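Take the given structure of chain A and dock chain B to it, following the hints.
Residue-level listing of the chains:
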Amino acid sequence: MISSDVIRGYNDTIILYLLLEKESYGYEISKRIKELSDDKYVIKETTLYSAFNRLLKKGYIESFHREQTFGKKRTYYRITESGLLYYQDKCREWELTKEVINQFIREDYL
Amino acid sequence: MEMIDRYIYAVTQKLPLSQREDIAEELRSLIEDMLEERVQGEDVTDNDVVEVLMELGDPRQLAQKYKGTKNYLIGPELFDSYMLVLKIVLISTAIAISITFIIKTIINPVTILDHFVELIVAFVTALPAAFGWTTFGFAISDHFGEINAKDLEIGTEWKPSDLAPIPDEKRQIKYYEPIVSITFYTLLIIMFVFSNEYLGVWIFQDGFSDVVPFLNNETYTTSLLFIILIMGIGITKECLKLIYGKWTSKLVTYIAIVNVISTIAVLFMINGNAFWNPDFLLELTQAGVITENSDGYRTVSMIWNQSTLWILVLLVVGLIWELIDGLIKANKK
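Sequences listed follow chains A and B, in order. Mapping of the first sequence onto the working numbering: position 86 corresponds to residue 131, and the numbering continues sequentially without gaps. Mapping of the second sequence onto the working numbering: position 16 corresponds to residue 139, and the numbering continues sequentially without gaps.
Simulated from the structure, these hints should not be mistaken for lab results. Note that this is a predicted model, so its numbers are computed, not measured. Here a beta-carbon is modelled for each residue, glycine too, at the ideal position from N, C-alpha and C. A portion of the hints provided could be inaccurate.
[To be verified] To be clear about the criterion: a stretch of chain B counts as covered by chain A if any three or more of its residues have a C-beta under 8 Å from a C-beta of chain A, and this derived list gives those stretches:
id, stretch
1, 183–190
2, 298–312
[To be verified] Taking lysine-lysine pairs in the BS3-like style, the calculated list, with each CA pair at most 27 Å apart, reads:
id, chain 1, residue 1, chain 2, residue 2
3, A, Lys89, A, Lys118
4, A, Lys76, B, Lys188
5, B, Lys297, B, Lys210
6, A, Lys89, B, Lys137
So that you can see chain A by itself, here it is in the shape it has in the complex (with noise of 0.2 Å):
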C-alpha cells in the first residue's frame, strides 16, 4: 500500500479520470481507487471530500444531487470541460515526470 507525497499530487487526476468513465459519488469513486490499484492506494473519505470541493471551486466538476431507491439522496459528481482540459494537461505533466525520474533509476537496484 503507498500513501506518498508523490501520488497525493495526483489524487485530482485520479478522481478526474474515475470520473470521465461516469458520473459518480464519494463511496463509489474510493471503491473504484482501491479495486484498480489492487488494494495498494487507498484514499480517505475526507481527502476524497476536501479533493471534491477543491475541484468544485476551480469548476473542474460540478454536482448535483440524484434521488436513489428508497428515496435516498446522494451528492453525484461530473466532469466539465475545464476539468477535461486540466486532467489532460496532468496526463503530460505525468508523462513528462516518469520519463526524467526514470532517467535516475537503475533497473538493476531494484
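The following block gives chain B in isolation, referenced to the frame of chain A:
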C-alpha cells in the same frame, strides 16, 4: 440506528456551521454505503454499525480531517513581511525599554535597583505583548486576505506575459521608509507606556528635580489606550505599505480609510480639557520656570493654549499630504 445519528452529531458538532449540513449528508451516505457493502443485502445489525463506525474512527479526528482546509495562522504570502515587522517591533521595543532604563538611571542613579526591576518587568510584559499584537494583526489580515490569494491561484498557469511592469522608481515605496516609521511608532508606544512621568518640562535645581507633565495624570489610563490605538493604526498602515511595496490606488484607498480613523481617534482623545495637564501653567510657575505676568508667561501660555489646535492642524495636514503624495505616485505612468 441511533448510534449513527450520534456519530454524525459528534463529528459535525466540531465543524464550522457553514460546513455542518453538507458534511452530515456526505457522512450519512458514506456510512449507509459502507453498511450496504458489508451486509450484502442482509439486514443491518447493531454489530455492523459498530464495526463501520470503528472503521471511520474517532469522530473528533474525523472532524479535524474534514475541516482540514487551513492549519496555519499566517500563510506563506505574508510570512516574510510578518517576520520582518516582528523583528523591527521586537528590536525597537527592546531598545526603547533599555533607553528608558538608561535615562532613568542617569537622572536618578540612587534608585537604580528600582529602575532595574522596572526594566525586567517591562521586558517580560512588553515583548510578549508586542509579539502577540503583531501576530494578531497579521493573522487577521491573512484571514481576510485569503480570498484574494485564492483568486490569484486559480490561474494556475503562470505566463511571463502576466508579469506586471516594474513600477516607476517614484512609485516604489522605499523599503526602509515603513521600517523607520514602525520603529518610530514602537518607540513612542514604549515611551508612553513606561516613562510617561518623564513626559513634560524637566526642572533642574541642583541637578534634576522634577517634571511638569504635559498630560493629565488622572485621565492618563484612558489617554494611553487611545495613544496605543492610534500608534497601532499607524503601524498597521506602515505594514500595508511594506506588503504592497509600491503606490497603487488600492493602497491609497486603504490609507485614506486608516487616516480618517486615526484622525477621529485623535480628535476624540485630544478634545476637551481632560487630556492635557490642567495645572500645567500653574505648576510651571510654582517650579520657578516662568514668572506670572511676565512676557515669558504670556508667550508660554499662548503656545500652551493653542497647542491642541496646532497639533491637530499639523496632523491633518500631514495625513492629507501623505494621501496626495501617494495619489500622485500611484498615478505616475
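Quiz item: Does Lys118(A) lie within 27 Å of Lys89(A) when you go C-alpha to C-alpha?
Solution: 22 Å, holds
Self-check item: Lys76(A) paired with Lys188(B) [C-alpha distance capped at 27 Å]
Solution: Roughly 19 Å separates the two Cα atoms, so the pair holds.
Quiz item: How about the stretch 183–190 of chain B: do at least three of its residues have a C-beta closer than 8 Å to a C-beta of chain A?
Solution: holds (count 3)
Practice problem: With a cut-off of 27 Å on the C-alpha distance, tell me whether Lys297(B) and Lys210(B) pass. | Solution: Holds, at about 18 Å.
Exercise. Please work out if Lys89(A) and Lys137(B) have their alpha carbons no farther apart than 27 Å.
Key: Satisfied, since the Cα-Cα distance of roughly 19 Å is no more than 27 Å.
Quiz item: Counting residues of the stretch 298–312 of chain B with a beta carbon closer than 8 Å to any beta carbon of chain A, are there 3 or more?
Solution: violated (count 0)
Going down the numbered hints, you'll see the structure goes against just number 2.
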